[in-house]
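Position in the sequence shown (from 1) plus 1 gives the number in the numbering used here.
Some hints could be false.
With beta-carbon atoms standing in for the labels, derived distance ranges [stated by the list, open to error]:
(1) 740 to 877: 51 to 61 Å
(2) 671 to 343: 44 to 54 Å
(3) 560 to 720: 53 to 63 Å
(4) 182 to 47: 38 to 48 Å
(5) 206 to 146: 21 to 31 Å
(6) 877 to 783: 17 to 27 Å
(7) 560 to 423: 46 to 56 Å
(8) 784 to 641: 42 to 52 Å
(9) 703 to 881: 47 to 57 Å
What the hints contain is simulated information worked out from the structure, not anything from laboratory work.
Where is the CB? At the ideal position from N, CA and C, for every residue including glycine.
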Amino acid sequence: MTEQLIDNQAKIAKTRSISPIWFLPIVAALLGIWILFQNITNAKTSIQIHFENAESIIVDKTRIRYKGVIVGTVKKVELDSSNGVNVVAEIESHAKFMLREKTQFWLVSPKASLTSISGLDTLFSGSYINLHPGNGDDASNFTAVLEQPITIPDNALLVNLKNDNAGSISVGTPLFYKKIQVGEVVRVLLDKSDQFIHIKAFINEKYSHLIKEDTKFWNISGLSANVSRSGIDFKLDSITSLIAGGITFSSPKESKKLTENTTFTLFENIDKTEMGINVALILNNITNLPKGAGILFKGHGIGRITDLQYSTEKQHFIATATINPQFSDMIGEGAQFWLEKTSLSFSNIENIGNLITGDYIGFSPAPLTQKTSAKKRTFNVQHNKAPIAPVLSLLLLADDATGLNTGDPISYQGLEIGNIAALSFSKNGQYIETSVHIYHQYQYLVTSSSQFYLLNGVNIEASLKGLEIQSTPLKNLVSGGIGLYNKFPVKKSTKLAKLKSNIRFRLYPSKAMAKLGKNVFSKAHSISLLSKQLPSISEGSPVYYHKFPIGEVSGFSIDDSGLMRTTLAIKGQYKHLIKSESVFWNISGFKVNAGLSGVKIEAESLLSIASGGIAVDNAPAGLNNKFKSGAYKLFSSYKAATLPVKQITVTFEQGYELQVGTKLRLKGLIVGEITALKLNTQNDVQASVDIEPEFIQQVTTQGTRFWIIRSELSMSGAKNLSTLISGVYLNVLPGNGKLTTHFKGEAGAPTLATNKVGLPIVLSADNAGSTDISSPVYHRQIQIGEVVDKQLKADASGVEVTLNIYPKYAHLIRKNSIFWPASGFNLDIGITGASLKSTSLTSLIKGGINMSTTDKKKLQAPATAFTSFKLKQSFNDKWLTWKLAIPKP
2 MTEQLIDNQA KIAKTRSISP IWFLPIVAAL LGIWILFQNI TNAKTSIQIH FENAESIIVD
62 KTRIRYKGVI VGTVKKVELD SSNGVNVVAE IESHAKFMLR EKTQFWLVSP KASLTSISGL
122 DTLFSGSYIN LHPGNGDDAS NFTAVLEQPI TIPDNALLVN LKNDNAGSIS VGTPLFYKKI
182 QVGEVVRVLL DKSDQFIHIK AFINEKYSHL IKEDTKFWNI SGLSANVSRS GIDFKLDSIT
242 SLIAGGITFS SPKESKKLTE NTTFTLFENI DKTEMGINVA LILNNITNLP KGAGILFKGH
302 GIGRITDLQY STEKQHFIAT ATINPQFSDM IGEGAQFWLE KTSLSFSNIE NIGNLITGDY
362 IGFSPAPLTQ KTSAKKRTFN VQHNKAPIAP VLSLLLLADD ATGLNTGDPI SYQGLEIGNI
422 AALSFSKNGQ YIETSVHIYH QYQYLVTSSS QFYLLNGVNI EASLKGLEIQ STPLKNLVSG
482 GIGLYNKFPV KKSTKLAKLK SNIRFRLYPS KAMAKLGKNV FSKAHSISLL SKQLPSISEG
542 SPVYYHKFPI GEVSGFSIDD SGLMRTTLAI KGQYKHLIKS ESVFWNISGF KVNAGLSGVK
602 IEAESLLSIA SGGIAVDNAP AGLNNKFKSG AYKLFSSYKA ATLPVKQITV TFEQGYELQV
662 GTKLRLKGLI VGEITALKLN TQNDVQASVD IEPEFIQQVT TQGTRFWIIR SELSMSGAKN
722 LSTLISGVYL NVLPGNGKLT THFKGEAGAP TLATNKVGLP IVLSADNAGS TDISSPVYHR
782 QIQIGEVVDK QLKADASGVE VTLNIYPKYA HLIRKNSIFW PASGFNLDIG ITGASLKSTS
842 LTSLIKGGIN MSTTDKKKLQ APATAFTSFK LKQSFNDKWL TWKLAIPKP
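Using the sequences and the accompanying hints, generate a full structural model.
Take a look at the structure:
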């Protein structure tokens with residue numbers, strides 16, 4: 002039991018364990034490590050920002066923000082040793098990644114200007130510093146920028162613009178497209194040459210497709226005004242662009258999308274871009290229509306005339322107009338343009354303001370029912386319903402400066418295309434150098450073959466060389482100026498070699514000289530003439546081309562052949578007029594031709610009368626105008642030099658006042674002249690007639706008829722009274738046979754002209770009465786024929802009067818037609834009074850015959866040639882009431 006008790010007693014055993022007291026330091030250590038880790042990872046970064054001043058920056062209150070999130074606080078502000086202040090700030094650990102070299106800081110405070118209002122939130126929260134992260138290495142020292150930097154959106158399109166000056170363009174200037182802002186200017190600086198301003202701007206990604214290869218940019222800043230004859234034109238794009246400036250651009254549909262970095266020109270305004278739809282307007286005249294005249298659609302300006310030119314080929318004016326792009330869809334087939342002119346009358350007054358502003362063009366698009374898909378760029382203007390650019394400098398050489406003044410206009414077909422810039426002597430002192438400027442838009446008009454001439458009013462010069470009068474339009478009487486002449490019109494689209502500046506041209510004293518002159522700088526051209534006798538000329542005698550002096554006689558000598566040699570000096574600018582077929586003739590002195598038609602004196606000039614002269618012209622090819630030696634022949638006259646006249650003989654029974662010098666006329670034109678008269682063996686008058694070369698083929702053919710035209714005076718009328726003063730002349734009616742030289746003349750005109758031979762009919766009467774040859778035949782008082790013959794019948798029981806009915810009236814004569822005399826008058830005297838009747842005054846004097854056809858019977862067959870009718874001796878009033886319809890066959 003004792004053992005049992007012992008076994009049941011508790012036993013105390015020793016164990017190994019850590020005391021709980023040690024858990025406390027372990028936990029504290031772990032907590033310390035965690036706190037240390039948090040302090041290290043979340044520690045703020047201290048940075049220094051340099052500002053020009055610390056205005057509105059408060060320690061521990063001014064925050065640093067990024068996209069509205071506070072990422073730092075100003076902890077200290079201290080003065081900089083040099084200039085400005087240094088702001089020490091702490092940046093939160095989660096924003097440390099933004100602290101790079103290119104990171105930008107700026108102070109945000111309330112600002113108000115004409116262009117914008119910003120920072121209003123700082124009125125309550127106070128100013129703060131904004132941050133914009135940049136690239137580069139880690140940094141802790143920064144310099145604040147004065148203004149908020151422009152932020153270029155992601156994937157935005159950068160464009161480069163170039164201009165002569167910045168004007169109102171600055172960083173932040175908006176870019177508009179159709180008055181919607183699509184971008185902004187981000188940089189404005191000078192290029193390396195300091196000659197141009199480079200402007201960099203961005204276009205938001207969703208608008209980048211608007212920039213094309215042919216896109217044009219122009220300035221829309223501020224307010225522009227254009228004062229001209231056509232009025233005052235104010236342009237204002239928007240209030241924003243008026244205050245802050247602005248740029249806009251075009252986006253041509255046909256242009257390709259921009260594929261490479263391109264520098265665009267920034268134009269001053271839309272006019273400088275020459276953008277829009279160009280149309281050509283054709284007008285017969287441009288009186289009171291100025292260049293720059295507006296084109297109005299329902300009172301709204303949609304375009305303007307930019308150029309006015311005259312087409313010498315088409316004989317009309319062409320006005321080039323530019324239509325604003327937004328109205329281009331209305332320009333097409335069916336659109337109409339008309340001239341709005343001033344109308345002053347008792348019933349209507351319209352466009353009276355045009356008296357001051359000038360006329361303008363009205364416009365109406367095609368009707369809605371008419372398709373306008375067809376493009377049309379040329380329109381006829383119905384009667385009813387310019388920027389400064391580089392100029393082309395030229396030098397004109399003149400003999401003297403008379404009528405020239407600085408600023409005088411240069412005109413082409415009445416339009417001013419430039420002005421005179423300066424006047425000076427040439428280096429050799431021989432010429433006056435006239436420096437002129439041709440406006441940029443008209444430079445294409447001046448080519449290497451252009452000529453210039455004076456427009457200085459009226460010049461009168463009297464000397465031995467003749468009387469020279471030059472007259473220009475009234476405008477030039479006051480302003481003077483210079484005209485431009487082109488032999489052929491120059492189209493604006495014509496691609497010509499560009500002229501260099503200061504190229505020299507000759508300034509001619511008149512347009513006529515400009516047309517003939519070619520190259521004033523070439524040497525004189527020497528020409529030798531041979532003749533049997535020395536002409537009545539002397540050294541210095543002029544040489545004329547179409548009565549215009551182109552050279553002078555330089556000397557005389559005897560040729561080896563024994564002929565007299567006359568040497569001519571042709572001015573260099575006119576040497577192109579001398580050709581292998583040229584002919585020369587003597588024009589010394591003057592010729593007098595006196596006759597009944599007057600006295601005719603021929604002389605080239607007073608100088609040719611006094612000192613003699615030589616004329617030159619071009620003759621038909623194949624003329625024997627040279628000797629074998631190559632020298633030209635000197636003829637006595639131009640007729641002797643060219644083809645000689647052809648002589649024919651015309652024989653008349655009587656001379657009827659014919660004399661030497663009597664003219665031969667064909668339809669009023671003088672085609673020849675009687676050179677000799679004599680009696681032949683039959684005692685007939687034989688006239689020798691010289692026919693002008695150009696009429697030989699018409700006049701010298703078999704069947705040609707010649708007759709004498711002389712005055713006639715009788716009861717039936719008077720003819721050819723002009724011959725009482727000018728004398729008789731020969732008339733000719735060409736035939737169509739073979740060529741011949743002998744003809745039989747007639748004393749009077751042929752009875753009927755060829756074109757009047759129609760239907761011959763015969764009237765039987767007891768006597769001829771007052772009817773005579775050429776007496777008219779009437780139907781309803783319209784002459785339809787005439788009397789061509791009258792004679793006794795074969796048995797002398799009466800007379801036969803032959804009528805000729807003109808071809809176009811032949812169908813009026815029917816088998817039952819009646820004829821009665823229209824001569825004289827009928828006097829009917831009764832109780833109620835007297836009645837005097839006469840067909841016409843002509844029939845009262847010349848006589849005549851009336852005809853009519855009864856309407857009581859059916860229309861009968863037409864009369865045939867030489868049908869015989871009875872001439873009624875009495876007259877019935879009922880005949881005048883017949884109204885038978887006779888249709889033309």
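_Hint check, failures only_ = Going through the list in order, the structure violates no hint and respects every one.
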